[in-house]
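*Asks:* Taken in sequence, the protein lines are chains E and H.
According to my numbering, the stretch in the first sequence is residues 1 to 247, in order.
According to my numbering, the stretch in the second sequence is residues 1 to 360, in order.
Some hints here could point you the wrong way.
Just the calculated beta-carbon pair ranges, DEER-fashion [what the hints assert, rightly or not]:
id	chain 1	residue 1	chain 2	residue 2	range
1	E	Ala13	H	Thr217	20 to 28 Å
2	E	Asn33	H	Lys131	29 to 37 Å
3	E	Arg5	H	Pro172	48 to 56 Å
To give an idea of the chain H side of the interface with chain E (calculated C-beta under 10 Å), a few residues [stated by the list, open to error]:
id	residue
4	Arg13
5	Glu51
6	Thr118
7	Gly121
8	Pro127
9	Ser151
10	Gly154
11	Phe156
12	Glu161
13	Ala163
14	Leu165
15	Tyr169
16	Pro172
17	Ala262
Hints are computed from structural coordinates only; laboratory data are not their basis.
The beta carbon of each residue, even a glycine, is placed where N, CA and C say it ideally should be.
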Amino acid sequence: MPMHRYGTADIKARLAYAPTIKTLKPEAWTLKNVRTMEARCEILDAPGDLLVPPSLRPCMPAYCSIVVSEIPDSPVGRFGLAEVRVAARVGPRPTFFLLNSYCDNEAARKELSSRWGYSVSAGEVSIRNEHYRAVGAVTAGGRNILEFLLDHRDPLPGTRFNQLPTVNLCKLDGKPILAGVSIEINFTDNDKGDQHITLDNAAWHAEGLKLLNPTAATVGVTDWTFGNIEFTVDVENAAEQTMAFVD
Amino acid sequence: MKFGIAFQLSVPRPWTRESEHTVFHNALEQVKVPESLGFEYVWATEHHFLEEYSHSSSPEIFLTAAAMVTKKIRIGHAIVVCVPQYASPIRIAERTAAMDIFSSGRLEVGTGRSATWTELGGFGADPDLTKKSWDEYVHVIPKMWMQERFSYKGQFFSMPERAILPKPYQKPHPPMWVAVSSAGTELDAAERGMGSLGISFAPMSVQDQVLKRYRKTIQNCNPVGAFVNNRVATINFLYCHEDDKVAQQVGGGITSMFQPLAVQFMHNPEALPTKPGAHGGLLSQLRAQLAGNPREGIAIGDPKHIIRELKKWEGMGVDIVNFMLNCVEVVPHEKVLESLRLFAKEVMPAFKQSQAQAAE
Chain E
1 MPMHRYGTAD
11 IKARLAYAPT
21 IKTLKPEAWT
31 LKNVRTMEAR
41 CEILDAPGDL
51 LVPPSLRPCM
61 PAYCSIVVSE
71 IPDSPVGRFG
81 LAEVRVAARV
91 GPRPTFFLLN
101 SYCDNEAARK
111 ELSSRWGYSV
121 SAGEVSIRNE
131 HYRAVGAVTA
141 GGRNILEFLL
151 DHRDPLPGTR
161 FNQLPTVNLC
171 KLDGKPILAG
181 VSIEINFTDN
191 DKGDQHITLD
201 NAAWHAEGLK
211 LLNPTAATVG
221 VTDWTFGNIE
231 FTVDVENAAE
241 QTMAFVD
Chain H
1 MKFGIAFQLS
11 VPRPWTRESE
21 HTVFHNALEQ
31 VKVPESLGFE
41 YVWATEHHFL
51 EEYSHSSSPE
61 IFLTAAAMVT
71 KKIRIGHAIV
81 VCVPQYASPI
91 RIAERTAAMD
101 IFSSGRLEVG
111 TGRSATWTEL
121 GGFGADPDLT
131 KKSWDEYVHV
141 IPKMWMQERF
151 SYKGQFFSMP
161 ERAILPKPYQ
171 KPHPPMWVAV
181 SSAGTELDAA
191 ERGMGSLGIS
201 FAPMSVQDQV
211 LKRYRKTIQN
221 CNPVGAFVNN
231 RVATINFLYC
241 HEDDKVAQQV
251 GGGITSMFQP
261 LAVQFMHNPE
271 ALPTKPGAHG
281 GLLSQLRAQL
291 AGNPREGIAI
301 GDPKHIIREL
311 KKWEGMGVDI
321 VNFMLNCVEV
331 VPHEKVLESL
341 RLFAKEVMPA
351 FKQSQAQAAE
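Excised from the complex, chain E in its bound form (with noise of 0.2 Å):
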């Protein structure tokens, strides 16, 4: 497998479900107290490169990010999100590109795609916060999409979180881009443990992937602020030559 590869990703077929952003300058929003649960796993290379777009390069080990969130409050009331990333490298940046979300909020949904290129569909989200574990779960169409079960928590220092950009695949002025979206997350209350996911590929986009070694899991109360769309980045042509920051 080299190294220095691009991610092969049919970006036609996922342009069919991308949103059209607005502006590069959405109005920003503050959320607070928002409980999260992230799964980081890593996932077999081949198919990983399938999902990363041709001006990204996949990680290695290639991994993906789940992540199920429960906003108690916004701008358009209470909603939950769900989001299944891959990790994927704009140059040598570590981001997460989104293959699919759900969201229970029809309001929310309009804004997470008009503001910040959100791929987002409508299914009920939900987090059941228990003290010995939490229960993650999306379901869509009368089915369940994605089952996230985190056990065994242990409480960890509530700085020690890593969290990156997710590149979201949108339009704008009828061009498709990559967008760049950093959120500004503070932490003030999380837990580690196991993680033990049943996913339904098809409905996050995910084709092929196939989880295959836990790196680690968490769940946590958030605050989170959506602010600019951080970067763009063209949807063929390598990153190292189309980055471009938002001023």
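We have chain E; now place chain H onto it with these hints.
*Replies:* Frame of chain E; chain H shown alone:
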């Protein structure tokens, strides 16, 4: 200030039967020549699974081979990973003692705990525990070297009383170091009376702060071994050529290859939601460097440039500068040797004088 060379044995694709053979044997040649030129240290790193970037998974073998073809140069294990899934401290004590014997007392023992998910995950190690296991290892290894019989009961390792053999040739034992890439690790080194083996390419201003904290803290250390090793080493790249532009063109290949590879592998703790340690990060350091003067402190250039930059390190109080001579073989072997010879002829004399003054 003294000079050393450092190897990570990077092997570019496409791989053939000869690829690793060539890199390993060229490296051995690049140890013999520098010894004759006055370099005083050769270091080899321990990495696993870092394809192309480093195939130096058994540095003790390479370093023993290096010891066998040299007489004076000191042999630096940089570093031994002190994590139970990688090796028991018994095996580390045994094999380093044997290396010290074969090198007739030239071994320097660097210690560390790895920071990449690629490696830690490959061994099934928990990154949240590596600092603790490292601490336990560095406390027991000197005792294993020095005590005729040894027993221990700890968190990561326990053993009934046994004779751990052989014993090192150096008495009481070889000098011990800590790989310092994360902010704060210099304090771990200083508190334990261990040398600070800098392996980050952080800007000089950052490293100056690290060095000052180290010097201050080590004055009140509680050494893990029988003596304090208060030396500070830093890592650098080296390509020396009479023509500064040629040096930058050829030597620049080393850094331009090293950086993306390093970032890809060495700084991928983001695979974990939790960080393996608090650190400024190689990536951010490289960014900071690129944003400022990318040549500051770097020994790639003509002799004049290199002397000027190395004098800054000397002024800061660094004891040893270890040079990486290549990365994925971007510089042909012969050019590496030419660079070493020119460095020895034109650059080293500027530092021998200050060494002599320091000795007086």
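*Asks:* Quick one: which hint numbers does this structure break? Sort them smallest to largest.
*Replies:* Per hint list: 1, 9, 10, 11, 12, 13, 14, 15 and 16 violated.
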